[in-house]
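6 protein chains.
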Amino acid sequence: MTDLQQFREFRERMNERILAQENLDIRRFFALDSRVYENGALPTRTKELLGLVASLVLRCDDCITYHITRCAEEGVGDDEMFECFSVGLVVGGSIVIPHLRRAVDTLDRLRAGQ
Amino acid sequence: MTDLQQFREFRERMNERILAQENLDIRRFFALDSRVYENGALPTRTKELLGLVASLVLRCDDCITYHITRCAEEGVGDDEMFECFSVGLVVGGSIVIPHLRRAVDTLDRLRAGQ
Amino acid sequence: MTDLQQFREFRERMNERILAQENLDIRRFFALDSRVYENGALPTRTKELLGLVASLVLRCDDCITYHITRCAEEGVGDDEMFECFSVGLVVGGSIVIPHLRRAVDTLDRLRAGQ
Amino acid sequence: MTDLQQFREFRERMNERILAQENLDIRRFFALDSRVYENGALPTRTKELLGLVASLVLRCDDCITYHITRCAEEGVGDDEMFECFSVGLVVGGSIVIPHLRRAVDTLDRLRAGQ
Amino acid sequence: MTDLQQFREFRERMNERILAQENLDIRRFFALDSRVYENGALPTRTKELLGLVASLVLRCDDCITYHITRCAEEGVGDDEMFECFSVGLVVGGSIVIPHLRRAVDTLDRLRAGQ
Amino acid sequence: MTDLQQFREFRERMNERILAQENLDIRRFFALDSRVYENGALPTRTKELLGLVASLVLRCDDCITYHITRCAEEGVGDDEMFECFSVGLVVGGSIVIPHLRRAVDTLDRLRAGQ
Numbered sequence: 007m008t009d010l011q012q013f014r015e016f017r018e019r020m021n022e023r024i025l026a027q028e029n030l031d032i033r034r035f036f037a038l039d040s041r042v043y044e045n046g047a048l049p050t051r052t053k054e055l056l057g058l059v060a061s062l063v064l065r066c067d068d069c070i071t072y073h074i075t076r077c078a079e080e081g082v083g084d085d086e087m088f089e090c091f092s093v094g095l096v097v098g099g100s101i102v103i104p105h106l107r108r109a110v111d112t113l114d115r116l117r118a119g120q
Numbered sequence: 007m008t009d010l011q012q013f014r015e016f017r018e019r020m021n022e023r024i025l026a027q028e029n030l031d032i033r034r035f036f037a038l039d040s041r042v043y044e045n046g047a048l049p050t051r052t053k054e055l056l057g058l059v060a061s062l063v064l065r066c067d068d069c070i071t072y073h074i075t076r077c078a079e080e081g082v083g084d085d086e087m088f089e090c091f092s093v094g095l096v097v098g099g100s101i102v103i104p105h106l107r108r109a110v111d112t113l114d115r116l117r118a119g120q
Numbered sequence: 007m008t009d010l011q012q013f014r015e016f017r018e019r020m021n022e023r024i025l026a027q028e029n030l031d032i033r034r035f036f037a038l039d040s041r042v043y044e045n046g047a048l049p050t051r052t053k054e055l056l057g058l059v060a061s062l063v064l065r066c067d068d069c070i071t072y073h074i075t076r077c078a079e080e081g082v083g084d085d086e087m088f089e090c091f092s093v094g095l096v097v098g099g100s101i102v103i104p105h106l107r108r109a110v111d112t113l114d115r116l117r118a119g120q
Numbered sequence: 007m008t009d010l011q012q013f014r015e016f017r018e019r020m021n022e023r024i025l026a027q028e029n030l031d032i033r034r035f036f037a038l039d040s041r042v043y044e045n046g047a048l049p050t051r052t053k054e055l056l057g058l059v060a061s062l063v064l065r066c067d068d069c070i071t072y073h074i075t076r077c078a079e080e081g082v083g084d085d086e087m088f089e090c091f092s093v094g095l096v097v098g099g100s101i102v103i104p105h106l107r108r109a110v111d112t113l114d115r116l117r118a119g120q
Numbered sequence: 007m008t009d010l011q012q013f014r015e016f017r018e019r020m021n022e023r024i025l026a027q028e029n030l031d032i033r034r035f036f037a038l039d040s041r042v043y044e045n046g047a048l049p050t051r052t053k054e055l056l057g058l059v060a061s062l063v064l065r066c067d068d069c070i071t072y073h074i075t076r077c078a079e080e081g082v083g084d085d086e087m088f089e090c091f092s093v094g095l096v097v098g099g100s101i102v103i104p105h106l107r108r109a110v111d112t113l114d115r116l117r118a119g120q
Numbered sequence: 007m008t009d010l011q012q013f014r015e016f017r018e019r020m021n022e023r024i025l026a027q028e029n030l031d032i033r034r035f036f037a038l039d040s041r042v043y044e045n046g047a048l049p050t051r052t053k054e055l056l057g058l059v060a061s062l063v064l065r066c067d068d069c070i071t072y073h074i075t076r077c078a079e080e081g082v083g084d085d086e087m088f089e090c091f092s093v094g095l096v097v098g099g100s101i102v103i104p105h106l107r108r109a110v111d112t113l114d115r116l117r118a119g120q
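Line by line, the protein sequences are chains L, V, H, G, Z and C. Residues 7 to 120 (the working numbering) are what the first sequence spells out, left to right. Residues 7 to 120 (the working numbering) are what the second sequence spells out, left to right. Residues 7 to 120 (the working numbering) are what the third sequence spells out, left to right. Residues 7 to 120 (the working numbering) are what the fourth sequence spells out, left to right. Residues 7 to 120 (the working numbering) are what the fifth sequence spells out, left to right. Residues 7 to 120 (the working numbering) are what the sixth sequence spells out, left to right.
Just so you know, the hints here were simulated from the structure itself, not pulled from any lab data. You may find that some hints are simply not true.
[Stated by the list, open to error] Going by beta-carbon spacing under 10 Å, a handful of chain V positions derived as facing chain H: (1) D39; (2) L64; (3) D68; (4) F88.
[Claimed, not checked] Across the chosen pairs, the derived CB separations fall in these ranges: (5) A37(G) <-> D84(Z): 18 to 28 Å; (6) R14(H) <-> Q11(Z): 21 to 31 Å; (7) Q11(H) <-> A47(C): 42 to 52 Å; (8) Q12(V) <-> Q12(Z): 46 to 56 Å; (9) E79(H) <-> A37(V): 29 to 39 Å.
Only a predicted model underlies this, so the values are computations on that prediction, with no experimental measurement involved. Glycine included, each C-beta is placed from N, C-alpha and C at the ideal position.
Extracted from the complex, chain L is given alone in its bound form:
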């Protein structure tokens, strides 16, 4: 089992666990977190790039993995992905680099069909 599969399974299992809890505010936040990337004045594709760069500068590996996966599903190419990385790198600085390494590794494994 690959790391990407582990990530997806843990993510799915814990989302179900969290939403099973009777906490309405958390449920509403999760619903909002899905809605905000839907097509609107900006297309989903652009919004997923926004989510990716925001995850990069805030340095959250899981969020980066999620948005790379979604960007790939939306047809974002490698050149576009790396330009999104470059904006995140310049805004966020060298502290972003370890996350960039893992992001590119994730992207390569995703393209390799995992």
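Given the coordinates of chain L, assemble chains V, H, G, Z and C onto it according to the supplied hints.
Showing chains V, H, G, Z and C alone in chain L's frame:
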């Protein structure tokens, strides 16, 4: 050996190692870090919830694990724990979610007796 | 006109302006941001202290001002307020100090009746 | 003189002052900071939206003001701007709200011709 | 009265106010915050540069102003100061630039005798 | 194979992979990230300490590991290293402690010849 045990053992071993070093400022900081959660105008129980929400919004898994453990020892129930999570989630945003997943997993394993 | 009044007026005016925009996600987030501090398993008083310490460690002056005001309305005393500050200071470090100075100034002016 | 004018004049004056210093690394960083938003696989318009959302979640008012101005120059409409804000708000949480208030105020004044 | 004077007066007045409060943990933290920059294995001069770069990457204007003042008192020259800035800029990214502008303005006014 | 070796191999492999991509901005950033620690008005030794404290307060384990390794190569002793840690701890707060534990573990294993 569970992850929670590994966390506790590494934490205890490295705390001893760090305090064995002749650095008075670090020792004083560690002492202060214990004192600040003691009963005062606010009870320890409330202060541990403060420590938990601060750890959530700053997104430190080890700190979250520590304060969940301490909150559980202080008798904080699941409903209260999740409301603390919901405040941290709304203040800190979706970037907190991967830490929330691990926090709930930690809480469940703690309740299961690890 | 005092700074606290300026803060309140700008806050109220811009909240109205933002909610007047036809953006459902932002409206929902604002609604959730109110709901999360309501009485539940944890009382509003405790939740406002959670909001205060989260604002301190994330170093947002406006958020600190808002939650100090709300804590004061909930009857939080100065000793309790300072213990909340001390947790935020130890968790967040000396980088919090400039915000602590402004927080105490805000608290003093609030107690003086502004 | 408006705040936006003050911002622009201070920004321009200090950029000149900084680049006049004989520090090659800072000069190179400033050059890179311009280059990264140029047209490439992603158009400048999208990159400026990336810069805006990154500035929002990192909560830097000056950066937000700069990228709102650039987005407006690139023809980004209010609906698009607010959807970019909504992504930043959901990713970054309620701690972003004070910066969102100032961002919308800046946008309104920019649209009003300042 | 200059901004630097205002900063110093507010800083001194609020430090006195905070230390007058009967909160032992906050007093201890303030004492530790002074001690940690004292001569040791590393000289105060180096430690103040450490404090400056930490303040830059955490983007706290007041902390930057304080450590620039202290570095200047320790005889740190402009070339050294700018190299410290360049490390902070590369580590922290373009989000540091607005703080760098204010830092250089502070340094120039400090050198001009304010 | 030790963790330090794994870190070095992944770091080297991914740096090569990233620089092989045709993205000039990322390449320039990586070049700048090397240059900024070179001898200048401040010696490399001091600059690596600056990089270390910046990595500590921004809480990036990989960056901490890298700069500890570089500091050790520059002849920084344990007492100096711990004083750098103490500045990072006081500036960044108790949220830094989990990273400090891993930093000291890394330092000990590095001194042990890994």
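Status of the hints after comparison with the structure:
{"no.": "1", "hint": "D39", "result": "holds, 6 Å"}
{"no.": "2", "hint": "L64", "result": "holds, 6 Å"}
{"no.": "3", "hint": "D68", "result": "violated, 13 Å"}
{"no.": "4", "hint": "F88", "result": "holds, 8 Å"}
{"no.": "5", "hint": "A37(G) <-> D84(Z): 18 to 28 Å", "result": "holds, 21 Å"}
{"no.": "6", "hint": "R14(H) <-> Q11(Z): 21 to 31 Å", "result": "holds, 29 Å"}
{"no.": "7", "hint": "Q11(H) <-> A47(C): 42 to 52 Å", "result": "holds, 48 Å"}
{"no.": "8", "hint": "Q12(V) <-> Q12(Z): 46 to 56 Å", "result": "holds, 51 Å"}
{"no.": "9", "hint": "E79(H) <-> A37(V): 29 to 39 Å", "result": "holds, 35 Å"}
Hint check: a violation occurs at hint 3 only; the rest are consistent with the structure.
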